[in-house]
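Participant: Please arrange chain Z on chain W, whose structure you already have, making use of the hints.
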Amino acid sequence: MSKWTRVCPLEEIPRLGSRVVQIGKGDVAVFRNGADEVFALRDQCPHKGGPLSQGIVFDRRVACPLHGTTIHLDTGEAAAPDKGCTHKYRVRVDKGDVYLSLD
Amino acid sequence: MKKLELVMVGNGMAGIRTLEELLKLAPDLYDITVFGAEPHGNYNRILLSPVLAGEMTIGDIMLNDVGWYAQHGITLHLGRKVTRIDRARRRVIADDGTEAGYDRLLLATGSNPVMLPVPGIDLPGVVAYRDIKDTGKMIEAASHYRHAVVIGGGLLGLEAANGLRLRGMDVTVVHLMPWLMERQLDKTAAQMLQASLEARGLKFLLEKQTAELIAGRSGRVSAIKFKDGETLPADLVVMAVGIRPGTGLAEAAGLHCNRGVVVNDTMQTYDPRIYAVGECVSHRGVSYGLVAPLFEQAKVCANHLAQFGISRYTGSVTSTKLKVTGIDLFSAGDFIGSAGAEEIVLSDPSGGVYKKLVVKDDKIVGGVLYGDTADGSWYFQLLRDGQNIRELRNHLMFGRNHLGNAGHQGRNNAADLPDDFEVCGCNGVCKGSIVKAIKEKGLFTLNDVRKHTKASASCGSCTGLVEQILASTVGGAYQPADVSSKPLCGCTDYTHEEIRKAIIERKLKSIPEAMGFFEWRNVNGCASCRPALNYYLLCAWPHDYQDDPQSRFINERAHANIQKDGTYSVVPRIYGGVTTPAQLKRIAEVAEKYAVSALRCTGGQRINMLGVKKEDLPKVWAELDMPSGFAYGKSIRTVKTCVGSEWCRFGVQDSTSMGIALEKALDRMWAPHKVKLAVSGCPRNCAEATIKDVGIVGVDSGWEIYVAGNGGIKAEVSLFLAKMKSAEEVMEYVGAFIQLYREEARYLDRTVHWVQRVGMDYVKKRIVADAAGRQALYERLKDALRDEKDPWQERMRGTAAREFMPIRFQSQKLHSGEGHEQMDKSMPA
Chain W
2 MSKWTRVCPL EEIPRLGSRV VQIGKGDVAV FRNGADEVFA LRDQCPHKGG
52 PLSQGIVFDR RVACPLHGTT IHLDTGEAAA PDKGCTHKYR VRVDKGDVYL
102 SLD
Chain Z
151 MKKLELVMVG NGMAGIRTLE ELLKLAPDLY DITVFGAEPH GNYNRILLSP
201 VLAGEMTIGD IMLNDVGWYA QHGITLHLGR KVTRIDRARR RVIADDGTEA
251 GYDRLLLATG SNPVMLPVPG IDLPGVVAYR DIKDTGKMIE AASHYRHAVV
301 IGGGLLGLEA ANGLRLRGMD VTVVHLMPWL MERQLDKTAA QMLQASLEAR
351 GLKFLLEKQT AELIAGRSGR VSAIKFKDGE TLPADLVVMA VGIRPGTGLA
401 EAAGLHCNRG VVVNDTMQTY DPRIYAVGEC VSHRGVSYGL VAPLFEQAKV
451 CANHLAQFGI SRYTGSVTST KLKVTGIDLF SAGDFIGSAG AEEIVLSDPS
501 GGVYKKLVVK DDKIVGGVLY GDTADGSWYF QLLRDGQNIR ELRNHLMFGR
551 NHLGNAGHQG RNNAADLPDD FEVCGCNGVC KGSIVKAIKE KGLFTLNDVR
601 KHTKASASCG SCTGLVEQIL ASTVGGAYQP ADVSSKPLCG CTDYTHEEIR
651 KAIIERKLKS IPEAMGFFEW RNVNGCASCR PALNYYLLCA WPHDYQDDPQ
701 SRFINERAHA NIQKDGTYSV VPRIYGGVTT PAQLKRIAEV AEKYAVSALR
751 CTGGQRINML GVKKEDLPKV WAELDMPSGF AYGKSIRTVK TCVGSEWCRF
801 GVQDSTSMGI ALEKALDRMW APHKVKLAVS GCPRNCAEAT IKDVGIVGVD
851 SGWEIYVAGN GGIKAEVSLF LAKMKSAEEV MEYVGAFIQL YREEARYLDR
901 TVHWVQRVGM DYVKKRIVAD AAGRQALYER LKDALRDEKD PWQERMRGTA
951 AREFMPIRFQ SQKLHSGEGH EQMDKSMPA
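If you read the protein sequences in the order shown, they are chains W and Z.
Take the first sequence: its letter number 92 is residue 93 in my numbering, and every next letter is one higher.
Take the second sequence: its letter number 677 is residue 827 in my numbering, and every next letter is one higher.
The shape of chain W in the complex, shown without the other chains (with noise of 0.2 angstroms):
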């Protein structure tokens, strides 16, 4: 059992972008890669704390905005040689609406 919640249709995250979901205790990045996979990461560097939600995405990934730190979407933890992991959270399609869950 998982408690699912829709976050917004896909076409309302930009490819190869994201949003920023607001869940009151901090922020969620709702990611879109290029293949249209989805995925969802609390909204903060392991290195300093920025933004993830605002940085480029490609491939699986993301550059942190502040200092470029390379975090992989799919696990949250930083692309080598960087080390650090923030946490991940379970997203998914279903007919076109994105679903959130903060278990």
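Any given hint could be a false lead.
Keeping only pairs whose Cα atoms sit at most 25 angstroms apart, straight-line, the calculated DMTMM-like set for lysine to aspartate or glutamate is [as the list claims (entries may be wrong)]:
no.: 1; chain 1: Z; residue 1: Lys174; chain 2: W; residue 2: Asp60
no.: 2; chain 1: Z; residue 1: Lys824; chain 2: Z; residue 2: Glu742
no.: 3; chain 1: Z; residue 1: Lys824; chain 2: Z; residue 2: Asp940
no.: 4; chain 1: Z; residue 1: Lys814; chain 2: Z; residue 2: Glu773
no.: 5; chain 1: Z; residue 1: Lys714; chain 2: W; residue 2: Glu78
no.: 6; chain 1: Z; residue 1: Lys636; chain 2: W; residue 2: Asp83
no.: 7; chain 1: W; residue 1: Lys89; chain 2: Z; residue 2: Glu669
no.: 8; chain 1: W; residue 1: Lys84; chain 2: Z; residue 2: Asp598
no.: 9; chain 1: Z; residue 1: Lys932; chain 2: Z; residue 2: Asp817
no.: 10; chain 1: W; residue 1: Lys84; chain 2: Z; residue 2: Glu170
no.: 11; chain 1: Z; residue 1: Lys914; chain 2: Z; residue 2: Asp598
Negatives, chain Z to chain W, calculated, CB over 10 angstroms [as the list claims (entries may be wrong)]:
no.: 12; residue: Met342
no.: 13; residue: Phe571
no.: 14; residue: Ala677
no.: 15; residue: Pro699
Bear in mind the hints are in silico, worked out from the structure with no lab data behind them.
Heads up, the beta-carbon is just placed ideally off N, CA and C, and yes, glycines get one too.
Facilitator: Here is chain Z on its own, set in the frame of chain W:
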């Protein structure tokens, strides 16, 4: 489908690097088998000297352990020497009978030490200096014996001698030539080097020819005898007189060899199924013994093994550094000087500094640096690029660092820095951590060091120091990156220039088209290439190209400057820095209403409103109702002005009006990097115009135009371009210069970097000498800017609204209040 079989003979650095590159490009193309004669995985041969010196252990220098081979499914035959290649049956046969068939064979057999043909060469206690085994023998000898003789005063011999001395032996270096390292150093530098090594306790015998090695009672070597009859006690003799490419196997197989295995520019031998890389190779008649060229070969070879077929190795210019702790030495090219060459020399023997550059036809052709090698890589760059140095000549000797290079206390000599010295002031990285990372992670290039340590990865002002630390840690292996032919990023092998050319010639008008044409390795590129391509396309097709916001850095997408806490700063355009009470009132009101947490003046004489939330940006812009100041972009920033002749008692020209006119003419202009201008109304230059991308200085008879200055990381005084009488002429010259920069500089080049690369002569040729060309450039600039819209005006009217709008989780507005509680499989439509 069955994979192709790839067999590699040799298990050294060049070969394994080729496999690593190949696995990146085509991980599933081959079943790979590796034969290595030594019983180890791949190790960093260059670091044998620190192992010998007791500064590192064998474990420290392993690059690929046995697990790495297993992890990549590579069959590894260690301690087995391939003795025969059967080209007809496409098999290799090892000394223990092991056989392997191949579709492609890669020879990476390295080189062998040259042993002098003198009696006694086979005695116990006589070793070469080539691998872990030799190093082990030397360390062993150092703990039992006293007298060591190193034959050969070249790079390797001196490193061996230094290591043995540090292990407590009494070491004499015997050298045939009149001075040490004669292939890298001139006599003066060699003598300084010798003096400093003598101070460390090493002894030297120059112009001595070895006659024979004499056995003692135990059968071990005990003395060395020279042609002149003199003898010297020797319990250990190290042969370091040179290396020879290991071609025995290839020659026996009938492959064409000429001092090395002969390959073409794709690293292919005369047998098309057989490739060769590394020290065993002869490419265009040259064999390389330094790791950097070998890694370049590896990259090219991997490209062809992966069947990409688009890469060529065209040879390398090499430079040398000595890897003896505390000694800084650099040498490159023709350092002696042939006919027609001149020398520029700076010699300070008691200060321990000697620099010599050899110049021919206004170009550097070689040089030797001793004691202060900070500028080695700069000189090397000038050499390799064949850059005309006529204008640099009078300060060339003082290097690149003689002007305020901020952020590392003005130090420019890495060797004598303590481990806790902060090298990188941006990221707080100390020398010790850099050295540790280089040693532990096996780093060879500046880029690797940047990635692992962040040193010099931000502003880059300490690049020279980091390069020196790298060079003094890996020694002869180090080679400065070749920026003249640098690919745009890791997604492609093509250079900025090649890509820009094709965008125009092939009429490529979108990022996917450009990536498709050049067969980009990653579908969406990366955070480095996408902004560059976006700019190149925009510059080439100002009216046709559809800007891609997702390929822009956030500042240029949000049209504000992101701050460390994720808020933004807003800087409205105030042309020439001249504002009005009404504007100031509005700025004050908006600042209060949106709780702008700080208001400050910028370095470019504008007002900065800090701490604005992203979602408030469109409202802030609407209420300001001022144009965007572009303080966030790779774009025109500001034109700084002084008061000028209207008010100032010294002013001779109206700098304020000129500044306003320039800022209006260049408004909304994107560029390879930020562009800052300044206009001063008299030579007192209160607007600091001589450290700007374009600086205008008013004089009584007109305006002087200066270009390519920079007041940032490294202060660079701008260079004089032309003097003009009228404001119209100034506009045309400035516009043409900036358009040339927009069209020809690489993305993220400031004007200073670009002009340093192409030379001021070139800029003058295009802007001053060629009137028609200048006018055409200026027209293209005006045309490009004619329909650029103000981004704030567009966004306050709703363009790109969702960029600024966060989604509220479970908010009423977005999905009628119902937070769905559902099973995974049964989602509502």
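Participant: Next, verify each hint and record whether it holds.
Facilitator: So, going through the hints one by one against the coordinates:
no.	hint	result
1	Lys174/Z - Asp60/W	holds (16 angstroms)
2	Lys824/Z - Glu742/Z	violated (30 angstroms)
3	Lys824/Z - Asp940/Z	holds (17 angstroms)
4	Lys814/Z - Glu773/Z	holds (22 angstroms)
5	Lys714/Z - Glu78/W	holds (21 angstroms)
6	Lys636/Z - Asp83/W	holds (24 angstroms)
7	Lys89/W - Glu669/Z	violated (33 angstroms)
8	Lys84/W - Asp598/Z	holds (15 angstroms)
9	Lys932/Z - Asp817/Z	holds (11 angstroms)
10	Lys84/W - Glu170/Z	holds (22 angstroms)
11	Lys914/Z - Asp598/Z	violated (37 angstroms)
12	Met342	holds (38 angstroms)
13	Phe571	holds (23 angstroms)
14	Ala677	violated (4 angstroms)
15	Pro699	violated (8 angstroms)
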